[in-house]
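Take a look at the letters that make up each chain.
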Amino acid sequence: MSASPRLWNFPGGIAPLAHKAESLRGPIRRTTLPPQLIVPLTQPGHVAPNVLVQTGERVRKGQILACGDDATGVTVHAPAAGVINAIGEQSVANMSALPELCVIIDTDAAETTWDKLPPLDYRTADADTLIARIADCGISGLGGAGFPTHAKLRAALRKIDIVIVNAAECEPWITADEALLRERAADVVAGSKILLQLTGALRCLIGIEDSKPQAVAALQAAVDDPRLKVVVFPARYPSGAEAQLIYTLTGKEMPSGTRPVHNGILCHNVGTVYAIARAVLHGEALLSRIVTITGGAVSDAANYEASIGTPISFLLQQSGFDERSLSQLVCGGSLMGIALPHAQLPVAKTTNCVIAATRSELPPPQPEQACIRCGDCADVCPVQLVPQQLYWFARSQQFDQARANHLNDCIECGACAWVCPSHIPLVQYYRAAKAELAEQDTKQQHAVHWRQRFEAHQHRMALEQAQAEQRRAERAALAAQKQEQAVKAGPSPQDIVAAALARVQAKKAAQAAAKPSSDDDNGASS
Amino acid sequence: MSNSLPHDTTSGVLWRRNPALVQLLGLSPLLAVTTSVVTALGLGLATLAVFTAASVTISLLHRRLNDALRLPLILLVNATFATCIGLMLQVWSLHLYQALGLYVPLIAANSLLLVHVDSIASERPLLTATAAGLLTGFGYLLVLLVFGALRELLGTGAVFANMEQLLPFAASWKLQIFTAESPFLLVLLPPGAFLLLGFLVALKNVIDRQLARPVANETSMPGGKRVRVTGKI
Amino acid sequence: MTMTALLIPVVVLLMLALVVGALLGVAANKAHTEDTALVARIDALLPQTQCGQCGNPGCKPYAQAIAAGAPINRCPPGGAATIAALARLLGVQTLPLDPTHGSESIRKVAFIREAECIGCTKCIQACPVDAILGSAKHMHTVIESECTGCDLCVEPCPVDCIDMLPAQSALQRWHWPLPNQRMPGIALIASDRTHGAPA
Amino acid sequence: MSNANNTLLRYCLTLAGVAVIAAILVAVVHRATQQGIADQQQDNERQALNQVLPATLHDNDLLTTRFTLGPDTQGYEQLPLLGLSAGRKGYIALRNDAVSGIVLPLEATGYGGPIVLLIGIAADGKITGVRVQQHAETPGLGDSIDIHVSPWITVFDHRNLDDTPEPLWHVKQDGGDFDQFTGATITPRAVVGAVYNALQFFELNKDKLLKQPANKEPR
Amino acid sequence: MNDVMLTSSPHSHQGTSVGQIMRQLLLACVPGAAALWFCFGWGVVINIAWFSALALLLEASILKLRKRPVLATLRDCSAVLTAVLLALSVPPTLPWWAGLTGIAFAIVVGKQLYGGLGFNPFNPAMAGYAALLIAFPVQMTRWLLPDGVTPALPSLADSLSIFLDRELLQGIDAYTGATPLDKFRQHGEQLVSEFWQSTPLMGQWSGRGWEWINAGFLFGGLYLLYKRIISWHIPVAFIAALALLAALFYDGGNAHSHGSPLMHLFAGGTMLGAFFITTDPVTAATTLRGKVIYGALIGGVVFLIRAFGNYPDGIAFAVLLGNAAAPLIDALTRPRTFGHPQ
Amino acid sequence: MSHLLLLLIGAALANNVALTQLLGVGPLFAASTQLATSIRFAVATSCLLIASSLCNWLLGHLLLAPFGLEFLRLIVYALVIALIVGGTALVMQRKASLLQHRLSPTLLLLTANSAVLGVALLDDDKAHDFFDSLFYSTGTALGFSLVLVVLAALRERLAASDVPVPFRGSAIALITAGLLSLAFMGLAGLA
Ligand SMILES: Cc1cc2nc3c(=O)[nH]c(=O)nc-3n(C[C@H](O)[C@H](O)[C@H](O)COP(=O)(O)O)c2cc1C
Ligand SMILES: Cc1cc2nc3c(=O)[nH]c(=O)nc-3n(C[C@H](O)[C@H](O)[C@H](O)COP(=O)(O)O)c2cc1C
Ligand SMILES: Cc1cc2nc3c(=O)[nH]c(=O)nc-3n(C[C@H](O)[C@H](O)[C@H](O)COP(=O)(O)O)c2cc1C
Ligand SMILES: Cc1cc2nc3c(=O)[nH]c(=O)nc-3n(C[C@H](O)[C@H](O)[C@H](O)CO)c2cc1C
Ligand code: SF4
Ligand code: SF4
Ligand code: SF4
Ligand code: SF4
Ligand code: FES
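Protein chains in written order, with my numbering: chain A, 1 to 526; chain B, 1 to 233; chain C, 1 to 199; chain D, 1 to 219; chain E, 1 to 342; chain F, 1 to 191.
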């Protein structure tokens, strides 16, 4: 063990009650297979997935259910064997509470064979093979955002100096990563080495808070490679946020608007790294994940290794759920999680924790009062924003001003709202304002594009008009010639009528010839 | 500032779009000389005179106005009449002139006058321009008067003091409404002027809302004014 | 009144006026104000839907109209955001959208029920951004990414086979609404903070 | 370019034309009002003087017997008693060609800065009137010295150094004869002191002042 | 479970509230208020009670008028705090009607016209104070002589009579006089030491009584700092600027001296201003650098007014000027966002 | 020298044009709706104010006084202001006049500023010499700019406030200016 490495202090931060011990009393539990799995097919950006199965079809464990359209799509596998009961919109744990496309599988507990891919030797496989394997195994980030891991790795191929494994797990209540590290640190280390190999990076830093001594010990015992280093830093929320973690470990500030991969750093959650190891070394697709079930409304908080698609109610039941004492059901941590309307929702790849909280633990939000500009929010903001100013701008819908004050740098960590004595739902203001800004940007892009298209259209119309004009002039000249001849011959009324008729005939012919142009109608009057 | 519309009605100028209360035009004199009725009335009348004269003149000249010339010409005309009125006021009542101080010559740069002359008189024939000038000037005068009376009353407990400065026969017009042991000085000082005018504007807003309530929204066909961008109609 | 008493002021003012007039005249000639710049800046704020709801044949013409003094509240696709941006650019007051020109709605795109399309090309002629593909007597399709949602193609279609459908799914459209604005501490109405309602 | 020059010419000519008319108009009005304004100014000055020196005391036009007093004026005893910071006017009242009274300029230092006063003194040393011409005292506190606010300033009328001996030339709080205002002692103290000084100055320079006409200024 | 409200994260909270903060402030006022009561008698207590009752009443009626929740809002105690701070600033001889005007101005114009708690750009208590001073200078400059200078403080009955604007047996002038700062302005040609000798008004470092009052508020302020209700930036900058300027112009205590730093720090409303008034978060600058500038600006202006202006003390005006500048200061001192260049 | 400094401070603070002398109040409100605009406008007004005050001092003392034409001063000053405003606006106009047939708002706001004309007239009334006039107009310009920018920042903050409906807009702006003016009263006596 070398001397402890230098750490950097990111600004702000808070220290809420951790509530972690409750769910760490025992080992990770495996559940029985629930009778029904609801597997979300959610794709990045909510684009429609390509569903590869049909209702009534029998699927094997590990069979591909759906995949994405393009390079960023995520492959979804059947977490267990069974029969497809339905493919349709189902409520899932998302912020909008809007239903998403899911596959419902009536599981067959008897059938346990698992379609695995052949193991790969990561030391010899090239990067493309490894990334293809990760994509085939349907891995997306387990740290929160759920961004497809293969897409992130593909972008990382350019030049990565440091791989950072995010084991901070700074949010209260969640212990999924810690539990994983206590029991399966070796796989995490293996996954880190795969990432080193894949990216060609020289160092891998595993960052972890000092509040998890057992996990640290397990990690340190498992580390068998000098390129890997476990870095322990003081617990403070949000030390696990990407930019803050990178700063803590390396002192590098990610310039606003850039992602770590642009700056030579690849950051992955331990769960993701574990999944990568399983995929590469064992050919296992991402069919399950570790979920913390905790909170005062369950009598027996614990971590479960749950199949994707397991109804949350199923897990709660296993932990002795008492619905009467429930105040809030939150998916994720108490600071960044999603409030759930009910428990009939499935575990998704990003579901790391479910808090069934009593009233005293997570009381319902107090009514919002006016901001008194106390500045507490600015003190704790890890990005050094002035949250109250952003709030004022969002509130008065001065979104441009909010942008100018770097609203888009907000990581929505919620530290500001946590301290706000006026109980303002600041993060909701920011989310709404950010969405508004994004919409404005899209509109602006559209406008630029459409202006070009419209101008091209106008240009084309003008050209066609000019051509029609020319044709008309030619015809007129022709007619004039004819008329001249007629005048010379001494016109009679009949002649004039005949000439007019002839013109109409000619016009009709011309119209038939000059197909789509519509300008000719005007020609009749000339 | 440039939205003083040329097509205002009498009630529009005097109340609904009253330039002083709604558009905050001509504010400096309104705040500065309204410590008593006599000063407010004096300046109001002087401004009214300049308003009318300048409106007429500019309307006569309006064919010759153009971008470059508009400003100097308007200012020249305003300044000329302001000077004349100032000289005449000095003969009429030097006391009043001195009480009004700078604000008599400053009529020339009164923003209400500039906007009015610019937007109304230059687009109108002589007669309507005169009427418009009179009307706008009168609307302004009314606000000055009301505001002056209010401040004098609140500040001193009396109204129409020293009216003889303006009208020699009005020496006995002073009306003592109440006597307070401590006069409410605040309203006579600049902060009071701002605050009181703020309250007046708010009062006007309240009244306007009360007036607007019974009027049902006219139903209009959405999209009724659309034109076709392409193809035939 | 002596003549000189009149003459001096006249001469002084005359000279001054000539100087002022000459200088301003020269300045005016030098600076022939470019109006096209303003039109372009206004046009840059318009949504470019090219729908004509503002009463002008396209966004650019409306920009010109605004530069010439037309009200800024006539573009329903742009809605309140555009009006606010215009007000800021022009230094005038914001106004609510003029309802006689339509109302703000979510972005839609045209969708041709291809089975019913008779290939008359009328929709192609109507489209201001050439977003419809197809030729005479062949069914047409809308290139979704190019369609501005102006709905100009809907009316000319003789068989009514064009629908205007939302450009994004409800899920894609959803975002957090601003919290209840009635402040401070108005008792929260559950629906205001319950999500699910698209903004 | 000739077009441009043409417009240029038109600009100038229009403006010039209007300017000429304006000049004539203003010159005429100025001319017509000149006399009236001058009369008004004199009337005002006379009215102001009347308040400190009643018309019954003199038969001359005070404006014709002005003289200047300033901090640097020579020839007076104890001129600093008047506290002047700039040159101001004094006036001499004549009755039957004898000096019957005098109006002196005077300054005191109040709470908010200098207080500019005018005092009228009859030839026998009695005060005929005191008025504040300019002050910066706190409105509502010290401004009661202004005749428009309170009649306090008339307490000096008819007093002289004999009927009010030195110990009484103070505000009551300091054991004198003059009321202070509620909450404001400094201002009245300053005014009382200044008036007392003016009387002393008058006593000291009586001879010179009562022979003043030599010093008179042409109108 | 059915009517669970779904809210945006975060779902937990530190547990502080505005009402709690305001109540801490009220508590911290106690030592200073007690010193005031000790030095000037019952008038202070009467004012606090009268002002608080009026403030609650006025705030409640406006909230009612605006159809806003009344009780929930009153419970934040900000109106009471405004009332108490105003009551601690005005002379203890203020008649009831002047108090009414002042608190009405503070709560209605200074606060509710802007939308109530949190929206007011100007410190309501100081807006009320300034308006009172301009409107009723006689009543607002009528300070009692502190205990020890005057043979007897007015009794509770006398204090009530003064409050009700009734004639007193001895006349109110028996109790009242200039404040030390006012007196000091008029020290004329005296050396500072001579001036100190010449009047019983002056005590150890500063005005008699006023020293203890300021010490009381200083103590309360330190409690607030300890409790982290306020941050050090504004008070320290304020005190430093005032002391620095005073030292600069002290001039060895000769006739042109404007008083020692110690006198300035323990005179008038210095400590009340430093810890309770300039720190009003609603109306102060909010960024850290901004707070320092804001505090120093107010401290500087207070000294300028005391030394060269027309008013013996300038806390209220200086605070209002600082309030006016606060949004601008904030705009100019935005901190560097993480990930952005300076 | 010190009296020049006092003149400057007095004009900027103690006798602030807009808040105590109530000059240029209209433009103060019209130009203070946005901070950025207000800064630009403050700079423009300051330049105009100082330039016109000096030009007018020169014209007044070198042209009008020798011929006894003081009664023409208002007209002459107005023309000079028109020249400066119009000239700079015509040459520098970045934003074309919005409504072609009217004066542009900026032009109006600069011209209709009674502080500009007022300072020229006050220079006369107070018998300022050239340097007095320079310092006085600079002080006035500083004072006006300060109040304008401060008010603009305040009003930007007000935009997000829960102001009672009847008071929204100009009413609350006036009240804010009133409180600002109240604050400035405290500076009385400085200089
Ligand atoms: C090229 C590239 C593009 C990315 N784009 C996104 C994106 O659009 N949205 C996103 O949430 N994450 C994106 N990521 C992943 C982020 O770098 C980050 O790891 C992820 O957002 C997780 O963020 P979290 O901190 O919110 O969990 C992208 C990564 C790469 C390499
Ligand atoms: C406030 C905040 C806190 C976070 N805390 C953690 C954390 O404790 N552990 C973690 O793995 N990711 C955390 N994340 C997500 C990381 O920023 C990042 O998305 C993740 O490490 C990327 O890894 P992935 O692509 O494997 O999911 C947090 C994000 C935010 C915005
Ligand atoms: C803001 C303020 C303004 C004052 N203005 C004046 C004033 O103009 N004239 C005056 O005599 N006293 C004024 N005073 C009061 C004096 O400072 C002093 O207190 C008063 O004269 C009482 O003095 P005494 O104790 O000797 O009676 C003012 C006091 C304050 C606080
Ligand atoms: C530290 C602190 C200081 C305060 N100071 C004042 C004050 O000086 N005057 C006041 O009216 N309210 C004060 N308040 C109360 C509250 O913030 C104030 O009433 C708001 O300005 C009302 O919106 C203070 C509050 C806190 C937390
Ligand atoms: S913590 Fe809340 S009340 Fe305090 S400044 Fe931030 S948003 Fe305002
Ligand atoms: S949610 Fe945004 S503004 Fe609030 S503390 Fe976190 S990063 Fe800062
Ligand atoms: S209404 Fe809007 S989008 Fe449609 S044409 Fe007019 S400006 Fe363009
Ligand atoms: S396809 Fe239809 S709706 Fe879309 S842009 Fe073309 S005409 Fe408009
Ligand atoms: S779809 Fe083209 S005409 Fe109907």
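Any given hint might turn out to be false.
Calculated lysine to aspartate or glutamate pairs in the EDC-like style (CA-CA distance at most 20 Å, straight line) [as the list claims (entries may be wrong)]:
{"id": "1", "chain 1": "A", "residue 1": "443", "chain 2": "C", "residue 2": "160"}
{"id": "2", "chain 1": "C", "residue 1": "122", "chain 2": "A", "residue 2": "464"}
{"id": "3", "chain 1": "C", "residue 1": "60", "chain 2": "C", "residue 2": "114"}
{"id": "4", "chain 1": "A", "residue 1": "443", "chain 2": "C", "residue 2": "155"}
{"id": "5", "chain 1": "E", "residue 1": "67", "chain 2": "F", "residue 2": "162"}
{"id": "6", "chain 1": "C", "residue 1": "60", "chain 2": "A", "residue 2": "455"}
{"id": "7", "chain 1": "E", "residue 1": "227", "chain 2": "A", "residue 2": "379"}
{"id": "8", "chain 1": "D", "residue 1": "172", "chain 2": "E", "residue 2": "173"}
{"id": "9", "chain 1": "B", "residue 1": "225", "chain 2": "C", "residue 2": "151"}
{"id": "10", "chain 1": "B", "residue 1": "225", "chain 2": "C", "residue 2": "155"}
{"id": "11", "chain 1": "C", "residue 1": "108", "chain 2": "A", "residue 2": "464"}
{"id": "12", "chain 1": "C", "residue 1": "108", "chain 2": "A", "residue 2": "379"}
{"id": "13", "chain 1": "C", "residue 1": "108", "chain 2": "A", "residue 2": "183"}
{"id": "14", "chain 1": "D", "residue 1": "206", "chain 2": "D", "residue 2": "77"}
{"id": "15", "chain 1": "C", "residue 1": "122", "chain 2": "C", "residue 2": "98"}
{"id": "16", "chain 1": "E", "residue 1": "183", "chain 2": "D", "residue 2": "174"}
{"id": "17", "chain 1": "C", "residue 1": "122", "chain 2": "C", "residue 2": "146"}
{"id": "18", "chain 1": "A", "residue 1": "443", "chain 2": "C", "residue 2": "104"}
{"id": "19", "chain 1": "A", "residue 1": "443", "chain 2": "C", "residue 2": "151"}
{"id": "20", "chain 1": "B", "residue 1": "225", "chain 2": "C", "residue 2": "144"}
{"id": "21", "chain 1": "C", "residue 1": "122", "chain 2": "C", "residue 2": "155"}
{"id": "22", "chain 1": "E", "residue 1": "64", "chain 2": "F", "residue 2": "125"}
{"id": "23", "chain 1": "A", "residue 1": "229", "chain 2": "A", "residue 2": "183"}
{"id": "24", "chain 1": "C", "residue 1": "137", "chain 2": "C", "residue 2": "160"}
{"id": "25", "chain 1": "B", "residue 1": "225", "chain 2": "C", "residue 2": "98"}
{"id": "26", "chain 1": "A", "residue 1": "482", "chain 2": "C", "residue 2": "116"}
{"id": "27", "chain 1": "D", "residue 1": "89", "chain 2": "F", "residue 2": "125"}
{"id": "28", "chain 1": "D", "residue 1": "89", "chain 2": "D", "residue 2": "162"}
{"id": "29", "chain 1": "E", "residue 1": "183", "chain 2": "E", "residue 2": "167"}
Pairwise CB distance ranges, derived in the manner of DEER restraints [what the hints assert, rightly or not]:
{"id": "30", "chain 1": "E", "residue 1": "71", "chain 2": "A", "residue 2": "359", "range": "18 to 26 Å"}
{"id": "31", "chain 1": "A", "residue 1": "145", "chain 2": "C", "residue 2": "71", "range": "29 to 37 Å"}
{"id": "32", "chain 1": "E", "residue 1": "204", "chain 2": "B", "residue 2": "157", "range": "42 to 50 Å"}
Sample of chain E residues lacking proximity to chain A, with all beta carbon distances greater than 12 Å (derived) [what the hints assert, rightly or not]:
{"id": "33", "residue": "34"}
{"id": "34", "residue": "54"}
{"id": "35", "residue": "172"}
Keep in mind the hints are simulated off the structure, nothing from the lab.
Glycine is no exception: its CB is placed at the ideal position from the N, C-alpha and C atoms.
Unsatisfied constraints (hint numbers, rising): Hints 1, 3, 4, 11, 12, 13, 15, 20, 22, 26, 28, 29, 31 not satisfied by this model.
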